[in-house]
Amino acid sequence: MTGRQRKSHRGRLVVLRRLGQLVFLAVFLVLFVKTDYNGSDQLSAAVNVLFRLDPYLASCVMIGAKAFVALFLPALFVVLLTFVFGRAFCGWFCPMGTLLDLTRKTIPAADQKNSTSFPRLGLFFLVLTLISSAFGFAVAGYLDPFSILVRGLAQAVYPAASSLTVEFFTFTYRELPDFVNAMTEPVYRLLQVTVLPSGQKFFQLAYFSLFILLGVLLLEVVQRRFFCRNICPLGAMLRLIGKKAWFVGHGGDDACGSCRICSRICRMGAVDADRTIDMGDCNLCYECVHTCPRKIINFNFSRSGRKMPGVSLSRRRLLGAALAGVLLPAVKEVDVLAKNPDPLLIRPPGALREKDFLQHCVRCAECVQVCIGNGLQPALFQAGLDGMFSPMLVARSGYCEFNCTLCGQVCPSGAIRRLTIEEKRQLKIGHAWFDKNICLPYAKAIPCMVCEEHCPTPDKAIRFKEVAMKNEAGQEITIRQPYVVDELCIGCGICENKCPLPGRSAIYVTSAGEHRHPEKSLVSHAGYN
Amino acid sequence: MDRRQFVRDVLFWTAGLSLGVPCWKSTLLQAAPPPPRLGLAKGKDYRLLVTGALELVGGIGAFVKTGDNVVIKPNMGWDRTPELGANTHPLVVRALAELALDAGAARIQVFDRTCNEKRRCYTSSGVIDELEKIGDRRIRWEHIDERKFVPVDIDRGRSLKRWEIYKDALTADCYINVPVAKHHGLSRLSLGLKNSMGVLGGNRGHLHHDIGQQLADLATVIQPKLTVIDATRLLLRNGPQGGRVADVKVMDTVIASADPVAADAYATTLFDMQPREIASTVAAYQLGLGEMDPARMEIKTVQV
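Listed in order, the protein sequences are those of chains E and D. Residues 606 to 1134 in this note's numbering are what the first sequence spells out, letter by letter. Residues 57 to 360 in this note's numbering are what the second sequence spells out, letter by letter.
Take every hint as true, because none was put in to throw you off.
Computed from the model, here is a short list of chain E residues facing chain D with C-beta under 8 Å: (1) G644; (2) T775; (3) R779; (4) E1006; (5) F1007; (6) C1053; (7) V1055; (8) E1058; (9) P1061; (10) K1065; (11) K1103; (12) P1105.
BS3-like mimics (lysine-lysine), calculated; alpha carbons at most 30 Å apart, straight line: (13) E:K1049 - D:K217; (14) D:K174 - D:K305; (15) D:K189 - E:K639; (16) D:K100 - D:K189; (17) E:K937 - E:K671; (18) D:K204 - D:K189; (19) D:K217 - E:K1103; (20) E:K1041 - E:K1075; (21) D:K223 - D:K174; (22) D:K174 - E:K639; (23) D:K174 - E:K1103; (24) D:K223 - E:K1103; (25) D:K204 - E:K639; (26) E:K1103 - D:K305; (27) E:K1075 - D:K217; (28) D:K305 - E:K1070; (29) D:K204 - E:K1103.
These are calculated hints, taken from the structure and not from any lab test. Everything numeric in this text was worked out from a predicted model, so none of it was measured. Beta carbons: idealized from backbone N, C-alpha and C, even for Gly.
Work the whole structure out from these sequences, hints included.
If you want it as structure tokens, here you go:
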């Protein structure tokens, strides 16, 4: 009787954990979808809270920026949680972990021995990225589980799902009879107001973002939670803290004989051959407690937990990580981009100075996802090897909407400042230039004013001068040719975006004169035309 | 048979004899249709302005019948608030929607293909807010649904032969065009014909090459039953999107007419310009789409 009660009690914790995982995954997905303009200038909810909970990103950003970043205060909660409960965060909260657990049935793990393949790799990455951040090469976002997850979803999965859905309902709308549409159209409308994005977005690095996410999922083929155990630097950090957790698990003993179910089924490889539970690895999934035939595994608060052999880097590896962490930033200084930044690298309005910006940016793709005009795109090498996935404005893809401040609102690390609308409207992120070789009024004497028409500054930054010129028929005509007013252009890129020429635009934006680098101002330098 | 065809037939059957009679042509033109009616309302209450102007051209009942599918096409193409004069005033749109409901409309659709981000435009224009205040399920504001663009042959077009047009604008029982009167850098003014660009698909920037004729060509296939021009505020400079209150002149006027060319032509005079200065008006007149000479219109004015 007692045994059965205990059994159901133990099973209940597994159910509770799974339920918790699903609830947190659902909350994450709801926040993800809600990271979008909602009809008001201020966002009510955004998925950025996930990143602000991340102590790994928090430490990399703060070490890199050499400053306290208050936005990351919630990360303290995860640290405290780990001091008490070990890596419960990994087992109960982390949406990436939940996704990996959900693949269990579809991607069976090959490894039966269940010992973590590269137990020190995550720690190596952690040390490497922390040191390289300190010296100015901040790439924590490349490996952070949330960054990988949100990038993959925002830049590939979500837009692709939207495209598929729209294509399906376009087919039903155009090809199928009315009675079918009477059923499908309400469904489409419901999807539109609930989960579909308001319009189709397009991303550079869509494949790349997807492949990284898929790679993490497919590594489950090697062993359960491969990413969490072998790569995840956040996991490695929580492991260091979790080892000293107050809450400890007590495994089996010699009386178990040859039974090693607990160590075989452990998804984190936390139970060793002696059935000792390593709280640095255990993510409190409770499967072993539930499955143990003897029901002797239990968890409780204990200060006298068994001393764990610490997982630490060998001196050689530590040195390697430190060396790489210093070398990469050093080489960054001699990359040609350090001297000549890519002129097409236009940062979102409110972005910090380039160096600080990269130190803060955690490559979460939040700004890219929320950008209302689909203008922000993840960079590849435009910002250097350490600038991958950082946001840049690609005006032919989309422009920076004059009255929109969403990117600064969702940025979890302060890499993009929160701006008031008044500030935003004044902020120069780049500068527009005409390509007179192809611009219609210049090249062909054909009247056109689409750029001027869309130019959003109340004092138009694009104006006309009347010029007499011969058109292609040889007739002398008066034509209005557009030009850019240096003091007024804010570089939003709507001109480049709306230029009716097919392919290349006759007006394009560069980062020239951007607000972040006042020393390179266009206006103060005479002769810069 | 339209007017041009009539003239051609007359010339044919008289074997050119009529060419010798100089007065014939103009007599014929004047004799053909009755002068278009144009209602002009002035006053501070923008909802009453719409009712007033419509009364002068036969009331809403002359345009909207019981059970009609009505499309109201305001200009809400810019992420600008009402006082900046870039979009149709929300109260004008609301008044029209309410009148159409009273006339028994079965469904009222309100949409525009915007220049700035669509949701921002709809919100900032204030139109959504006013329509929601009516709280009637028959009113449906919607964002442009790309699936509804259909290629249309423009048989009478001189410069434009084919373009993608929003299906609902073509199939509505009553299509009401509700532009805001404003300055425009290329076409000089943006009025009713220009507002029709909001139901076009494709790359609209291409239309700017020969905009006057192309707008007129479009008007041969996009035919509003009723044009209501919102001249409550005139955007005098920096059109079509403006951005400064200083560029806006409060005019407190609404114009209504079944004749799209007449409405545009009269609205032009509010800017102290002549209808012949607007290329699209002239081109549309030459296509026989309506009257452009205010002297040949039946203009009634009411102060509300």
